[in-house]
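Asks: The primary structure of each chain is shown beneath.
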Amino acid sequence: MTVFTAIVELTKASWQVLRRHPRLIWFPILSLFATLAMLLIVGPLLAVLDDAPWLAIFVVLFVIQLVHVFFMVGLTSEALKALRGDAPITIGGGIATACGRASSIASFAAVSSTIGFVLEVMGRSRNAALRFARAVFGTGWSLVTYLAIPVMVQERRGGIPSMRRSGDLFRRTWGETTLSEVGVRVLAQYVVLLLVIVAFVLVHLLGESVLAVLLILCLAGAAIGVIGSLEAIYRAALYVFASEGVVPEPFAGAELDAIWRTKPDEPKPDEPKPDEPPSL
Amino acid sequence: MPLEFHIDYDRGVPVYRQIYEAVTAALASGVLARDEQLPTIHELAQRLAINPNTVARAYRDLDQDGYIVSQRGRGTFPAEERTLSSADKQRVLRSIFDRALADAASHGIAAPEVIRFFQKVRP
Numbered sequence: 001m002t003v004f005t006a007i008v009e010l011t012k013a014s015w016q017v018l019r020r021h022p023r024l025i026w027f028p029i030l031s032l033f034a035t036l037a038m039l040l041i042v043g044p045l046l047a048v049l050d051d052a053p054w055l056a057i058f059v060v061l062f063v064i065q066l067v068h069v070f071f072m073v074g075l076t077s078e079a080l081k082a083l084r085g086d087a088p089i090t091i092g093g094g095i096a097t098a099c100g101r102a103s104s105i106a107s108f109a110a111v112s113s114t115i116g117f118v119l120e121v122m123g124r125s126r127n128a129a130l131r132f133a134r135a136v137f138g139t140g141w142s143l144v145t146y147l148a149i150p151v152m153v154q155e156r157r158g159g160i161p162s163m164r165r166s167g168d169l170f171r172r173t174w175g176e177t178t179l180s181e182v183g184v185r186v187l188a189q190y191v192v193l194l195l196v197i198v199a200f201v202l203v204h205l206l207g208e209s210v211l212a213v214l215l216i217l218c219l220a221g222a223a224i225g226v227i228g229s230l231e232a233i234y235r236a237a238l239y240v241f242a243s244e245g246v247v248p249e250p251f252a253g254a255e256l257d258a259i260w261r262t263k264p265d266e267p268k269p270d271e272p273k274p275d276e277p278p279s280l
Numbered sequence: 281m282p283l284e285f286h287i288d289y290d291r292g293v294p295v296y297r298q299i300y301e302a303v304t305a306a307l308a309s310g311v312l313a314r315d316e317q318l319p320t321i322h323e324l325a326q327r328l329a330i331n332p333n334t335v336a337r338a339y340r341d342l343d344q345d346g347y348i349v350s351q352r353g354r355g356t357f358p359a360e361e362r363t364l365s366s367a368d369k370q371r372v373l374r375s376i377f378d379r380a381l382a383d384a385a386s387h388g389i390a391a392p393e394v395i396r397f398f399q400k401v402r403p
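Chains A and B, in that order, are what the protein sequence lines are. Residue numbering for the first sequence follows my numbering, starting at 1 and increasing by one per position. Residue numbering for the second sequence follows my numbering, starting at 281 and increasing by one per position.
Hint data in this document are derived by calculation from the structure and do not stem from the laboratory. In this text, a Cβ means the ideal position worked out from N, Cα and C, and glycines have one as well. Do not rely on the hints blindly, as some may be mistaken.
[What the hints assert, rightly or not] One-sided excerpt, in silico: chain B residues whose CB lies under 10 Å from chain A:
#1 Arg297
#2 Thr320
#3 Ala325
#4 Ile330
#5 Val335
#6 Ala336
[Claimed, not checked] Covered by chain B, per the in silico footprint, the following chain A stretches (three or more residues, Cβ under 8 Å):
#7 63 to 69
#8 83 to 90
#9 154 to 165
The following block holds chain A by itself, in its conformation from the complex (with noise of 0.2 Å):
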């Protein structure tokens, strides 16, 4: 199976979910419109930072990743609900969640905006050897608490431990988590070029009005509120194999087995083999 055919593949499992519950695609819309709304309350506070512009990026910064990994939370345990079949997924639901997880949400978001604010002073400087690092690190990052957030929900850990069991996970996962990343981001690339496509279409059909525009800015939105999902609806269905040791339906298909291999048979080093008696 090539790249390609496996994020296909996932991606049409992952469809299969958000088909059977679409309230789900309403929780990155809502981050969108949240984090808009949070970005015009704080704006105007910036003023006062006039003299300290990164301070200013920083607490930006912060602003986006605590609104974005609230309704992250709110998203993927509604996600962890439709895997096992719960009934029902709802946003109020997944936003009590999110709620209930609001001290662990805010260590990791002042986590992962210092470390976003320190890849931002990288990818400004003018050093190549930088910009190469930050590259780099980002993408380490970004895999290594790729599972952070299911753990937060499922294992009710704060930010920082969550981030590190997430670390865990990886060691045992990195192959399918490195997949859904480039998958997610292949998959956000055709939907963009389709957007753009569209919009020209639109502009070409109704002209420069208020309509075309506003035809365009729904297609974008539930453009976002679809990737988004997705991805969450994958993530969710990667920490269950990764913690649990079982692929969740729908994605426990014949042709998903070749991507997600039961690794968590193999005996794990605190286990004692056959016939050995147990290292005390």
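Based on the hints, put chain B in the right spot on chain A.
Replies: Below, chain B alone, put in the same frame as chain A:
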């Protein structure tokens, strides 16, 4: 008394394996009586807030290894008495030992103290 399951995510052992070990340990220690019904897959999945496939996998492995039998329409029960293989015995003992250490740690008792106690105590 219903069989207690405790999932410890810090052990680094997959959840389905922890369920497997909990059932084998409960059988070995007599906590799970031979005529006692095990919770259904969905009951246990809901109780532990885990995926039903995880419980199904644990039950399938237990069934294959001869620890439990699923009776259509009646539920899942421990299998008839069986002699544990050496490997199974090691696994069950390890599971009992790990849980004893975890239980002791939750009371602030360190592992070496538990090991010394096990070595000293006579049944």
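Asks: Does each hint fit the structure? Answer for all of them.
Replies: Right, here's what the structure says about each hint:
The interface hint given for Arg297(B) holds, since its Cβ lies 6 Å from the closest Cβ of chain A, which is under the 10 Å cut-off. Contact between Thr320(B) and chain A, as hinted, is not supported at the beta carbon level, the nearest pair being about 13 Å apart and thus beyond 10 Å. Satisfaction of the interface hint for Ala325(B) is found here, the shortest Cβ-Cβ separation to chain A being roughly 6 Å, below the 10 Å cut-off. Taking 10 Å as the C-beta cut-off, the interface hint given for Ile330(B) holds, the closest approach to chain A being about 6 Å.
Interface restraint check for Val335(B): the shortest CB-CB distance to chain A comes to about 9 Å, inside 10 Å, so the restraint holds. For Ala336(B), the suggested interface contact is upheld, since its CB lies about 8 Å from the closest CB of chain A, less than 10 Å. For the segment 63 to 69 of chain A, the stated coverage by chain B is violated: 0 residues have a C-beta nearer than 8 Å to a C-beta of that chain, whereas at least 3 were required. Coverage of the segment 83 to 90 of chain A by chain B holds in this model, with 4 residues showing a Cβ closer than 8 Å to a Cβ of that chain against a need of three.
Counting residues of the segment 154 to 165 of chain A whose CB lies closer than 8 Å to any CB of chain B gives 3, which reaches the minimum of 3, so the coverage claim holds.
Checked against the numbered hints listed earlier, the structure breaks hints 2 and 7; every other hint is satisfied.
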